[in-house]
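The sequence shown begins at 1 in this note's numbering and counts up one residue at a time.
Read the hints as simulated data drawn from the structure, not as lab findings.
Honestly, I wouldn't trust all of these hints.
Under the rule of at most 27 Å between Cα atoms (straight-line distance), these lysine-lysine pairs were calculated in the DSSO-like manner [what the hints assert, rightly or not]:
#1 220 / 234
#2 234 / 157
#3 398 / 82
#4 387 / 398
#5 234 / 57
#6 157 / 82
#7 57 / 157
#8 387 / 90
#9 220 / 57
#10 220 / 82
The following label-pair restraints were derived from C-beta to C-beta distances [claimed, not checked]:
#11 328 / 358: 52 to 58 Å
#12 381 / 225: 44 to 50 Å
#13 52 / 216: 37 to 43 Å
Where a beta carbon is used, it is the ideal one built from N, C-alpha and C, also for glycine.
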Amino acid sequence: MMQGKTRHWTCGLVIVVTLGGARAQDSLQPLALAPTLALHLSSASRPVSGPRDLRDKVRSGLLTALREHPDVLSARAMYEGKTYEVEAAKYARFPRFQVGSGLGTATESNGSDASFNVMSASARMTLIDGGVIGARIESATANTEAFDAALRSTTQKVALDALTAYMQVLRFESKRLVAENTVAVLDELARLERRRVDLGAVGESEWRMARARRSAFAAKAQEFQLQQVDALAKFEQYFRFRPEAAQLPALAIPSAWMPAGQEQMLQVATGNSTELLEARNLVEKARAFVRQQEAARFPAVDLVLSKTRDPRGTVYTGATRAGVELNWNIGSGFDLELRIKAAEAEVSNQEARLEAARLNLTQLATTAWGQAEAGRNKVAELEEAIKESSQLVQGRHKMLEYGRETLANVLDAQVELENQRLDLVDAMVDLRINELRVARVMGRFRLEDGAQAPWIEQILSRDAEPGMLLPAGLPSKGGCIPGVGAAPCATALNSGGGMPGLRLKSTWELGPLTRAKDAVAGDRTL
1 MMQGKTRHWT CGLVIVVTLG GARAQDSLQP LALAPTLALH LSSASRPVSG
51 PRDLRDKVRS GLLTALREHP DVLSARAMYE GKTYEVEAAK YARFPRFQVG
101 SGLGTATESN GSDASFNVMS ASARMTLIDG GVIGARIESA TANTEAFDAA
151 LRSTTQKVAL DALTAYMQVL RFESKRLVAE NTVAVLDELA RLERRRVDLG
201 AVGESEWRMA RARRSAFAAK AQEFQLQQVD ALAKFEQYFR FRPEAAQLPA
251 LAIPSAWMPA GQEQMLQVAT GNSTELLEAR NLVEKARAFV RQQEAARFPA
301 VDLVLSKTRD PRGTVYTGAT RAGVELNWNI GSGFDLELRI KAAEAEVSNQ
351 EARLEAARLN LTQLATTAWG QAEAGRNKVA ELEEAIKESS QLVQGRHKML
401 EYGRETLANV LDAQVELENQ RLDLVDAMVD LRINELRVAR VMGRFRLEDG
451 AQAPWIEQIL SRDAEPGMLL PAGLPSKGGC IPGVGAAPCA TALNSGGGMP
501 GLRLKSTWEL GPLTRAKDAV AGDRTL
């Protein structure tokens, strides 16, 4: 009798949780597992990859940061200063010119005093110095190469910091979107419960519970918005423009970057590490300085040509002098040995620093690899948790429709599901940041000769493997978040193979619940 009055209440929010595939079986494909968290809002969603001009702007901004960030400019200035020291050391092999003058009074042989005014010019060139000049050039060259390695380290650090700032923008935009969609879900549940309250079917306690849960997630959305402000400020610091987070293009980690295992990663990291290269060059600089001090034990032979002008002939009688000088700086007999010992101690110091750098590199590489591995496992577990929680929520919504479940239990399940989705966003972003750290340790973020960085094009490539794309956390027209990619989403939504994604109905048709409410209303009317 009541079927003619049946009305369907719909919620225009569609939530899709797509599982990116089975858990990786081994470390041969470290990036094969990439979960997809898709939040579908409307048909007016934005494209997956973002506008081409913004993609170019991100590429240009990152390249500019690698060239002109203050840390990079400071490191480059220090490097250029050291190159001048190499040139100065090399010029010691060339003739050295000196001009001088003197005036005073001299006592002649007859006992009388005579004034003089002498002007002189000389050219001196070292022929033999025991290796002092050569050792000085080697020391300056090694020091310059150390600062060059430090410049490259700074460039890679800036690249990692910039990409991390990029990921933080995506993180908080994703979490804000999840929270706002949760607010929409809870709004709909509260509205339906309010309808039941108005019909006199239930009390207001569960409606107030729904409103409280809704307000809590609204506060979370505001918190994520505040965190996004800070993330955008850091983004602007590196990329020099403030983006619209909804339009940011996807990032990709090329699979060719990642090693087959931890041992291979350590080998590549050791071979490409600019930190180790800097430490090795500092050791070479210290050893060259020891050779320079040891060479000072030997005499130096100089070729000298001098011209003196003494009009009165008081001091000098010869106008021009050419010859060879032998100079031996003996000193006090102890200071040279002490300088040699101090230089040898510096060698020991730099060798210890080199070993510390090697240990630190091993620790960073092992930690980044371990965190990436743990992150993949965490993502897989959260995917499984979301799959089970989604089924639980779906089942409880069905039971609520037929009056066999309470709204409190539905709210508990729904809130648990949304919290898991927030955790999944964090896990995915943390995983990608750790993978970026692995790439940094392996020296992937190099600035090539000519101040070019071809790897930027690779991480912004449209043809990157879909499973390795980063979630931008924004709705897309194709039903996926920008950064996730259309291909895996289409596969997950349209095929039933593998580990299918769980998709709630596009509308929640609460027909039985509506019929129950209408029945209650009819009974009250009678």
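Evaluation of the provided hints:
1. Taken as a hint, the residue 220 and residue 234 pair is honoured in the structure, with Cα atoms around 21 Å apart against an allowance of 27 Å.
2. Proposed proximity of residue 234 and residue 157 is supported: the alpha carbons are some 15 Å apart, at most 27 Å.
3. At roughly 73 Å between alpha-carbon atoms, residue 398 and residue 82 are farther apart than 27 Å, so this suggested pair is violated.
4. Restraint check for residue 387 and residue 398: the C-alpha separation of about 17 Å stays at or below 27 Å, so the hint holds.
5. Our distance criterion of 27 Å between C-alpha atoms is met by residue 234 and residue 57, whose separation comes to about 16 Å.
6. Straight-line distance between C-alpha atoms of residue 157 and residue 82 comes to about 22 Å, which keeps the hinted pair within the 27 Å bound.
7. Proposed proximity of residue 57 and residue 157 is supported: the alpha carbons are some 21 Å apart, at most 27 Å.
8. About 70 Å separates the Cα atoms of residue 387 and residue 90, which puts this hinted pair outside 27 Å; it is violated.
9. Restraint check for residue 220 and residue 57: the C-alpha separation of about 31 Å exceeds 27 Å, so the hint is violated.
10. The straight-line distance between the Cα atoms of residue 220 and residue 82 is roughly 52 Å, outside the 27 Å bound, and the hint therefore fails.
11. Residue 328 and residue 358 have their C-beta atoms about 42 Å apart, which leaves the hinted 52 to 58 Å range violated.
12. Between residue 381 and residue 225 the C-beta distance comes to about 29 Å, which lies outside the given range of 44 to 50 Å.
13. For the pair residue 52 and residue 216, the supplied restraint of 37 to 43 Å holds, since their beta-carbon distance comes to about 40 Å.
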